[in-house]
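A.B. asks: The chain contents come next:
There are 4 protein chains.
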Amino acid sequence: MISVGVVGLGYWGPNLVRNFHTSARTELAWLCDHDPERLEAIGRQHPGVRRSTNLEELLGDARLDAVAIATPVASHHRLAKAALLARKHVLVEKPLTASVAEEAELVALAETVERVLLVDHIFLYTPSVGKMAELVSTGEVGDLLFFDSVRINLGVFQHDVSVLWDLAPHDLSIIDYLIGREPESVMAVGASRTVDGLEDVVYLHLDYGNGLLASLHLNWLSPVKVRHFLAGGSYRSILYNDLDASERLKVYDRGVDVSTDPAGLRDVLISYRMGDVIAPRLDATEPLFRLVEHFVDCIERQTAPISGGEQGLRIVRVLAAAQKSLSRGSERVRL
Amino acid sequence: MISVGVVGLGYWGPNLVRNFHTSARTELAWLCDHDPERLEAIGRQHPGVRRSTNLEELLGDARLDAVAIATPVASHHRLAKAALLARKHVLVEKPLTASVAEEAELVALAETVERVLLVDHIFLYTPSVGKMAELVSTGEVGDLLFFDSVRINLGVFQHDVSVLWDLAPHDLSIIDYLIGREPESVMAVGASRTVDGLEDVVYLHLDYGNGLLASLHLNWLSPVKVRHFLAGGSYRSILYNDLDASERLKVYDRGVDVSTDPAGLRDVLISYRMGDVIAPRLDATEPLFRLVEHFVDCIERQTAPISGGEQGLRIVRVLAAAQKSLSRGSERVRL
Amino acid sequence: MISVGVVGLGYWGPNLVRNFHTSARTELAWLCDHDPERLEAIGRQHPGVRRSTNLEELLGDARLDAVAIATPVASHHRLAKAALLARKHVLVEKPLTASVAEEAELVALAETVERVLLVDHIFLYTPSVGKMAELVSTGEVGDLLFFDSVRINLGVFQHDVSVLWDLAPHDLSIIDYLIGREPESVMAVGASRTVDGLEDVVYLHLDYGNGLLASLHLNWLSPVKVRHFLAGGSYRSILYNDLDASERLKVYDRGVDVSTDPAGLRDVLISYRMGDVIAPRLDATEPLFRLVEHFVDCIERQTAPISGGEQGLRIVRVLAAAQKSLSRGSERVRL
Amino acid sequence: MISVGVVGLGYWGPNLVRNFHTSARTELAWLCDHDPERLEAIGRQHPGVRRSTNLEELLGDARLDAVAIATPVASHHRLAKAALLARKHVLVEKPLTASVAEEAELVALAETVERVLLVDHIFLYTPSVGKMAELVSTGEVGDLLFFDSVRINLGVFQHDVSVLWDLAPHDLSIIDYLIGREPESVMAVGASRTVDGLEDVVYLHLDYGNGLLASLHLNWLSPVKVRHFLAGGSYRSILYNDLDASERLKVYDRGVDVSTDPAGLRDVLISYRMGDVIAPRLDATEPLFRLVEHFVDCIERQTAPISGGEQGLRIVRVLAAAQKSLSRGSERVRL
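Protein chains in written order, with our numbering: chain F, 1 to 335; chain E, 336 to 670; chain V, 671 to 1005; chain D, 1006 to 1340.
Because the hints were derived from the structure by calculation, they are not lab data. The model shown is predicted, which means the values in this text are computed figures rather than measured ones. Careful, some of the hints might be misleading.
Result set (DSS-like, lysine-lysine): computed pairs, CA atoms no more than 27 Å apart in a straight line [as the list claims (entries may be wrong)]: (1) F:Lys324 to F:Lys250; (2) D:Lys1329 to V:Lys994; (3) D:Lys1230 to E:Lys560; (4) F:Lys225 to V:Lys994; (5) F:Lys250 to E:Lys560; (6) V:Lys920 to V:Lys895; (7) E:Lys560 to D:Lys1136.
For reference, chain F alone in the conformation it holds in the complex (with noise of 0.2 Å):
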């Protein structure tokens, strides 16, 4: 039994709090919120546990095993830091840290008090990102063409980070995860239409080699909301949109053929393949369960996370890198 503390009771930590209450593998042992109202709100649902407006109070508690961090990107680095240090387990909301260098700090830093460092790219625990991956690897796709996806809707702003740091790191984690390579080198398009300085609107182009493309279409002022990620391969092609709950994955059997011509001469001949397509049944586990699950199965086995911190740094160095480019009229920048 894994004894968990979750800091940071604003909009995503009951959640956190939900699931180590429910997950029988996990005690909740800490609610932790600089706000005591707060605190006393989210605590009175869960009597029996411990509440403090101060980390180091749950720090200080031997018996805690983990810390699970859900508070604004700029505290991350440094309340990590510190769960860290004090040999916590610890959990941490996308992204990691705003910044190269405070990220792999904290890698290094877990590495040597030989903690798990796991980051919430809760993408990676959905049945259909699982079942990407498995398409992907088993070959069932083919080469892999490009990558495109959409990611927009109507705000909600964030007053820190721009569409950028705040909605990439879902399509750079997937992505991560199903090619598990790092980006040669990135592009982005970007305007600010309501914050002046703070975009709302990004196109990122990632080279990934050999002619791999991945593009970002992230918007906070579009009327329509869409969540299209498109993986396009040589033999198969995947659709992942996740707002279909009925068919969030389908599989299209399609694709073109190219052969050169029989009779030697320069012409190609182009055909298309058009079959059947397919949604395949997906399981029904919320994802954050299945991230509890694999962060005890994580501390337990002293395994590294699918979404560790060398995930995390990878991520944030191509998000630093696309707000470079950025700030540069949207020149290239290799990594």
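On the provided structure of chain F, position chains E, V and D as indicated by the hints.
C.D. replies: The following block gives chains E, V and D in isolation, referenced to the frame of chain F:
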């Protein structure tokens, strides 16, 4: 009654034939194709219409007022030039030519000989785009915040043009029609996954100044067909989904309102408006029929077409700049 | 502040608990379930609330104003009767009972003891149905021409009621609310494909007089989930699709106009109006929260609820007539 | 080469003309319409084809093998009878006639003169219905549990037939083709909201025995167009949505499993299977072209068509029974 000859009877030509045949204001006088079998096949259905494999024969007919050219792009300049020199009014398929210089020459020539030069930017004649233009010009949309278009599907590959030259003219003509000005700069990202050197995936970013960006995703490798044109406005936003036959246009009375803090502090206050969504009733006239009527109007009244040579020239200039950006590693190219 | 006890903590009870806990106008005073473990599980989250496995204990609490009953249908009559006799206000899950006589008894009893008897016809408290009622009552819909509802999905089977008794109350309460009268006759067609004697597919036809028909398709065997409620009007028509989270209600400004031939001949002239489609902005309040507020309003102001015992009685009468029709080979049954 | 004449050049006739013209196995020999202007309009496009306003002239042409009749329903019997007596093969629009006696006479006559009598139940020639038939006949669907069809839209009103006679033949022919037997009894519920005595809303319930029900909702007053044909099976279920151009057919590997309690108690155990959803690739051939090919096959090989006079007779029998049910207050009518 305007006497018209149709040149090029391949994929699109027969649609022109049908509409010039149907319209009470035009007389289908000539059919022309270099392939005698094709000419015979289409000609049989129009027994009273003269046929030729040679454009010169048509141009020599003093009673012929106009020619409509639906041949491959590479021949547009030569054929249109010959027709204008013969003082015929000219309708040409998009894109007018593949070269800015050639296009400029045709525009100047049309002016000199005082003949109508109309480019078949067919989308401008759809009820959907007509309604969008009305919503923009009457101020119902407010300030335009961004354009985003997704025009993706599996094939059909053209052997002589890339996805950029094939699909982008549609969106570029719509935007040009809505705002009536050229972009200040262009950037393009692309890949050639099927035929070397011929892009099948292209992202095009256009900066129209004052923060107004337009982004196009053009793709021949997508297993799923999408036609989403989104115009974000400060007051209302429009989604034009050409595949939704029952609700092609949706007007969202939604937006973000920003105000300065009344207390004079530097925080901005952001609020969201979530109003009705309206799918306006649209006329059901065939766009090509409306284009034919407009062509006749312009000839009879000696007025400039909404998709005249100048617009064609602006669009070819953008395409050429985008091609340059592609060849220079996605560098920003100023116009 | 109205003091409330919730009886029955199975599937729906916890939602009542949560809302009575949240509302500033109610005090959650008691939790009751015959299963001590269930009582403990829910009770732990509400430490200050008294618990009992016995309704009598609640009814003996003079400070308790009301009880909310969310137990299986078979127990509704007994529990509600006891509560009313103890002069408590009562909220009961739908259907109120499975018998017209029992239902009539409760309605009369509530009147005698001057207590509110509210049936949880939850759909009446959705913003969608509220908007529909407004469109009907203000005359925007014109004369009602027909109702058609499709409420189909795969399971969940109830072991004690058929698909008729489980799903039809939703549509019947909506129609009752919109037009405020009972049908003149009822016919039902059904099949039991899974459990002998318990219908899993039912079609219910209701004749409301003056040509107004309502038809319901209720089905637990459909692989696809559909929630389409269509109200056809002479002037406008409404589609209520509960599964379309972004556009639940669509108002079609479309219809058929019939006029007599001006020449006095007997031919009728039929024309179609095809106007805009509007998806009105809907409030986002949780329906159950609105129901709780309404329950409190009725208690405090001594007014009749929109889903009171009389409505419950009308609906059980229709259900009983439909059951009779099913048992007599789909004979028409008059009410 | 089969020589064919097309009789009736109104709404559907020109489609027959085009397909008989296109097919390499038929020769379009005659065009016939009582309206000389209509005859001239269509005839001009087919200069080599003989024209007449009089069917007798066609029937007197000894080299003419077949006639295709696309006139109003009331004339079908007279024209088809004359053609068969002249020993021509006959293709007739649906419904064959409006009377069982007339229909039976034609079927007997076709047998006597040994000529093909094919009714244009066009849906049987769609790739979608072909695929459904394959799934049913190979056992992939398992036992059929129910059919449900929704075929609703706004207009177009026919002046001589009700929505029952206009739309029901489509679904009835599909079901007849899938299961190859007649219903045991029929019940219909309907309303005439526009033209007195001509139903514009009809619900038709068919009992095919062994618990297999089929229900059709036919409606000319619906603001929204729906084409949902659902075939529920014990093993798999099929949704045929003719308006979803990209995924017309969906096969759901879902169902309900019922087992008896292993302990021998009387409780049944119900479980759900939730498997993949497959949209099979469908051929893109035009249904009418396939029908024409099938007509020629039947003539050349002297085989019975899949939509022959016998099927037409079965369907008219059902329609007549449904009409009787409507006129008797929705009484059940046995066949």
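A.B. asks: Against this structure, judge whether each hint is valid.
C.D. replies: Hint-by-hint comparison with the structure:
For the hint pairing Lys324 (chain F) with Lys250 (chain F), the CA-to-CA distance comes to about 35 Å; that exceeds 27 Å, so the pair is violated. Proposed proximity of Lys1329 (chain D) and Lys994 (chain V) is supported: the alpha carbons are some 24 Å apart, at most 27 Å. For the proposed pair Lys1230 (chain D) and Lys560 (chain E), the alpha carbon gap of about 22 Å is at most 27 Å, so the pair holds. Pair hint Lys225 (chain F) plus Lys994 (chain V) does not hold up; C-alpha atoms about 47 Å apart against a cutoff of 27 Å.
Restraint check for Lys250 (chain F) and Lys560 (chain E): satisfied, since their Cα atoms lie roughly 13 Å apart, inside the 27 Å limit. Between Lys920 (chain V) and Lys895 (chain V), the direct Cα distance comes to roughly 19 Å. Compliance with the 27 Å bound is thereby established for this hinted pair. For a cut-off of 27 Å, the pair hint linking Lys560 (chain E) to Lys1136 (chain D) stands: about 23 Å separates their Cα positions.
Taken one by one, the earlier hints fail for this structure at numbers 1, 4, listed in ascending order.
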